[in-house]
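Converting from the sequence shown to our numbering requires adding 153 to each position, the first position being numbered 1.
Bear in mind the hints are in silico, worked out from the structure with no lab data behind them.
Just to be clear, a hint being listed does not mean it is correct.
Calculated pairs, PhoX-like style, for lysine-lysine (alpha carbon to alpha carbon, straight line, at most 25 Å) [unchecked claim]:
| no. | residue 1 | residue 2 |
| --- | --- | --- |
| 1 | 272 | 159 |
| 2 | 159 | 174 |
| 3 | 174 | 223 |
| 4 | 223 | 272 |
| 5 | 170 | 159 |
| 6 | 220 | 174 |
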Amino acid sequence: MSIEQKMLDMAVELVNKRFPKGWGGAGVVRTEDDSYFTSIYLDNIIDKMNTTLNVCIETGAMIEAYKHDKRVTHILCVSRADENEECEILTSCGVCQERLRFWGTDVMCAVTTPDNSLKFVPLGELQPYHWSTAKAFGTIENFDYHKGS
C-alpha cells in the first residue's frame with residue numbers, strides 16, 4: 154500500500170470513529186521516519202463567534218510531529234458533510250501551507266480534485282509565487298528547521 158493510500162485510509166477511519174454521525178474531518182501527517190500523526194478539528198464556542206480563531210483539522214497532527222522533533226514529509230486532510238457522504242480530500246488552507254513551509258517546499262500535500270482522486274503535489278507547486286521568494290526574504294525561502302537554517 155502506498156504512503157498516500159495509507160494516509161487516506163487512516164483519515165477516513167478516524168472520521169468514522171470520532172464522528173459516527175454528522176459532519177466529520179481528520180488530518181494525517183507522515184514524517185521522514187515513517188511515523189504518522191492524526192488530528193481532528195477543535196470545535197469550540199469561540200469558533201462560532203470569530204472564525205479567525207479556528208484551528209484547522211490538520212494543525213494538531215503538525216504540532217504532534219513537531220513535538221516529537223520529526224520532519225513532516227506528507228500531509229492529507231479530509232472532510233465529509235455527514236455519515237452518508239464520502240470523505241472529500243481538502244487542500245490545506247493558506248495558513249496551514251505557511252505552517253508546512255517550516256519543513257520546506259518539498260512537503261507532499263494532498264489536493265482537492267474534481268473527481269476526489271488521491272493526488273499529492275509538493276508544497277512549492279502550491280505556492281509558486283510565495284512571498285518569501287522576494288529578495289528581502291531570500292533566507293526565509295531556504296529556511297528548513299531540520300537542516301538548521
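Q.
For each hint given before, does the structure comply? Return the numbers of the non-compliant ones in rising order.
A. Per hint list: 3 and 6 violated.
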